[in-house]
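Novice: Protein chains in written order, with the working numbering: chain P, 2 to 399; chain A, 359 to 636.
Don't read these hints as lab results, they were simulated from the structure. Bear in mind the structure is a predicted one, so any value in this text is a computation, not a measurement. Using N, Cα and C, we set each Cβ at its ideal position, and we do this for glycine too. Please note: incorrect hints may appear among the correct ones.
Claimed, not checked - These stretches of chain P come out as covered by chain A in the derived footprint (C-beta under 8 Å, 3 or more residues):
| hint | region |
| --- | --- |
| 1 | 85–96 |
| 2 | 113–123 |
Unchecked claim - Residues from chain A that keep clear of chain P, each with C-beta distances beyond 12 Å, as calculated:
| hint | residue |
| --- | --- |
| 3 | Val377 |
| 4 | Arg576 |
| 5 | His583 |
| 6 | Asn595 |
Unchecked claim - Not the full set, but computed from the structure, chain A residues with beta-carbon under 8 Å of chain P:
| hint | residue |
| --- | --- |
| 7 | His380 |
| 8 | Phe384 |
| 9 | Ala429 |
| 10 | Ser454 |
| 11 | Met467 |
| 12 | Thr469 |
| 13 | Leu471 |
| 14 | Ala475 |
| 15 | Ala478 |
| 16 | Leu479 |
| 17 | Ala485 |
| 18 | Ser501 |
| 19 | Asp517 |
If you want the building blocks of each chain, they are given just below.
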Amino acid sequence: MPSTLNPGTFNPGTSESATSLQTGPGDSAEWHLRHEGTRATFQLQGDWIGRLGPAPGDVGELLACPVRGLTSICFDTSRLGRWDSLLIAFLWQVRSIAGEKGLTFNEGGLPEASRHLLSLLDDTPAATAPIRKRPRWLALIGNAATGTLTEIGALSILLGQVSLRAGAAVMGRAKMRGVDLLDNLYDAGPAALPIVTVVNFLVGAILAFVGVVQLRRLAAESFVANLVGLALAREIAGVMTAIVMAGRTGGAYAARIATMQGNEEIDALQASGIPVEDYIVLPSVIALTATMPLLYLYGCAIGILGGFTVAIAMMNVTPLAYLQQTRMAVPLGQFAFGFVKSLCFGTLIALTSCRIGMQAGRSAAAVGRAATSAVVVGIVGVIALDAIFAVGANALGH
Amino acid sequence: MSEPILELQGITLAFGPKVIQHDLDFRVRRGTIFAVMGGSGCGKSTVLKSIIGLLRPAAGRVLVEGEDYWAADETRRTAIGRRFGVLFQSSALWSSLTVAENVGLPLRMFTSLDDAAINALVRVKLALVGMEQAAAAYPSELSGGMRKRAGLARALALDPDVLFFDEPSAGLDPVTSRRLDDLILQLRDGFGQTIVLVSHELPSLFSIADDGVFLDARTHTAIAHGSPSALRDTSTNPVVQAFMRRERLDQEQSSGSEGFGTQDFGGQDFGIQNTEAG
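The shape of chain P in the complex, shown without the other chains (with noise of 0.2 Å):
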């Protein structure tokens, strides 16, 4: 009949050829010591299979205090059923310390198959991990400052390269792929209209709604079309467009770029003399930096459209002149200044996300920890650009 697979079916460690199949737990491993004269004897009983249940008492204690006259270690393993590594890694310790002590290890009474494999293993002390030291707190205040502004250096440096590169690709002098770069701005821009229609749609009628809600206290309901359209415009529709490419597009160039370094893409790429900022970085900074502006002119339009349904649907007025509105408040300056505020999104999400990319470590964990990385960076960056600009074009008097 053929035997169903449990823990303690096979019969690996006896001295006979394994045959039986047992079934069922086996007797839980001991060990006894007796002394006889200048002879200890450990007695080996029970199954000793690691998988099957709690290992047998530790010995390194017992065997440390020296009994006197204590010449040599014997072991008596008549009553020992199945065994593994378990009573490898046992009969390692008690030789380990009968090594420090001076002791015989006699061997005679183990199974020989148990002596072949401890032959294999030598005596040398375990290595001891490394001590990893806690850094305290003024270091790690003092790492991170330096950290962030070595970042910040390179990521200029990053910067300044690019520049010059993408002059170069201009004139087709660049080591970039012409395929690559039409991927990555159809990934960059096409792709991502889904979701930028629905989060500016949805912003746009959100505006409206509370604003509806709030300006009909002063009977200047009117007025929501100048407030939806000024407040995309200026503002809402480059930040929100630019949070979610960060989102999106700055965490799978982070994620992709870290998972070529693990796997030694990177390396290979600089041992063949292709430069990296040519190849992955130039088409990616181009790609975002392009359909950034683009993105953001056409979430101002759903933007526009959300309020105005929502505007339709609340307030007595018509379609017309709901955009006419819209057309006459928001003068096409604030266009131009959103259309610059995200050149300088999409610049900054492409070379940050890149940036630590390249930074990130080589495990699993690190792909997952550089594109987090990269969206909060992301994130972060195009909210304090946005306050710079927005300090900027006050102290400038727009």
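Position chain A against the provided structure of chain P, taking the given hints into account.
Specialist: Only chain A this time, still in chain P's reference frame:
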């Protein structure tokens, strides 16, 4: 002892319409070292994957101790799989864990041993493969050969009944490769484990394999059964002969699947004896 521990009956492996191997029949006896041989790209690793549960065969049965593996439900398959130990071709170490943690993870998950016992067992496994000094290193810090040895130690973690080794000697220096051969022999003789080995390394195959099967990339099936030494000495198939004697095949007889001569002669056996020099 009479019942084989593993048996493949009429196995066909395919990825969609592309058939990798078909009508595979062979038996692995308990406590033997079984070699799966063949040219590159013939599907040796794929056969391994179908036995350990990673690829469902398109046809045929995999019998583990007489029980149909793929007919069982997932829980049963997992239970059976726990008695297997696998060394993957690229070691497949978990990159976020140290070597010691890699080897210890199966022990932590599937036994009730305490930390001290687990550490002792991990030490034994690492010492058997000669990786004791690198126990606290991460896989990304190791060389290719070291990663392979760490993967081997992990395959041994639960003292499985059947071990599957996919190219265990690839990337190892001759001394370490010889040591690995000795270890494999000890595992068979000491623990009585059965070992299924995919390997190209002829010296190892000749010295340790008890039995084997030779897969052909051109006809996509097994063309010879027997130990590597027996095949070398008695086989008349030119493809098998060329493999065992490390000789070049003539263009028409090649069994390579990647363009080193892929004319299909409809399975004709040329019966040409390779003449030895001198």
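Novice: For the restraint on A/Leu479, tell me whether the closest CB of chain P is nearer than 8 Å.
Specialist: holds (5 Å)
Novice: Holds or violated: the hint that A/Thr469 contacts chain P, with Cβ atoms closer than 8 Å.
Specialist: holds (5 Å)
Novice: Hint check: is the beta carbon of A/Ala475 less than 8 Å from a beta carbon of chain P?
Specialist: holds (4 Å)
Novice: Taking the least C-beta to C-beta distance, is A/Ala429 closer than 8 Å to chain P?
Specialist: For A/Ala429, the interface hint is violated, since the closest Cβ of chain P sits about 13 Å away, which is over 8 Å.
Novice: Could you check if A/Leu471 really has its C-beta closer than 8 Å to a C-beta on chain P?
Specialist: holds (6 Å)
Novice: Against chain P, is A/Phe384 within 8 Å by beta-carbon distance?
Specialist: Hint on A/Phe384: violated, closest Cβ of chain P at ~19 Å, above 8 Å.
Novice: Are there at least three residues in the region 85–96 of chain P whose beta carbon sits under 8 Å from a beta carbon of chain A?
Specialist: holds (count 8)
Novice: Would the hint on A/His380 stand, with a C-beta cut-off of 8 Å toward chain P?
Specialist: violated (26 Å)
Novice: Would A/Arg576 pass as off the interface with chain P, using Cβ distances and a cut of 12 Å?
Specialist: holds (32 Å)
Novice: Holds or violated: the hint that A/Met467 contacts chain P, with Cβ atoms closer than 8 Å.
Specialist: Nearest chain P Cβ about 11 Å off; hint violated.
Novice: Against chain P, does A/Val377 hold up as non-interface, every C-beta pair farther apart than 12 Å?
Specialist: holds (30 Å)
Novice: Does A/Ser501 hold up as a contact with chain P if the rule is Cβ-Cβ below 8 Å?
Specialist: violated (13 Å)
Hint violations for this structure: numbers 7, 8, 9, 11, 18, all remaining hints satisfied.
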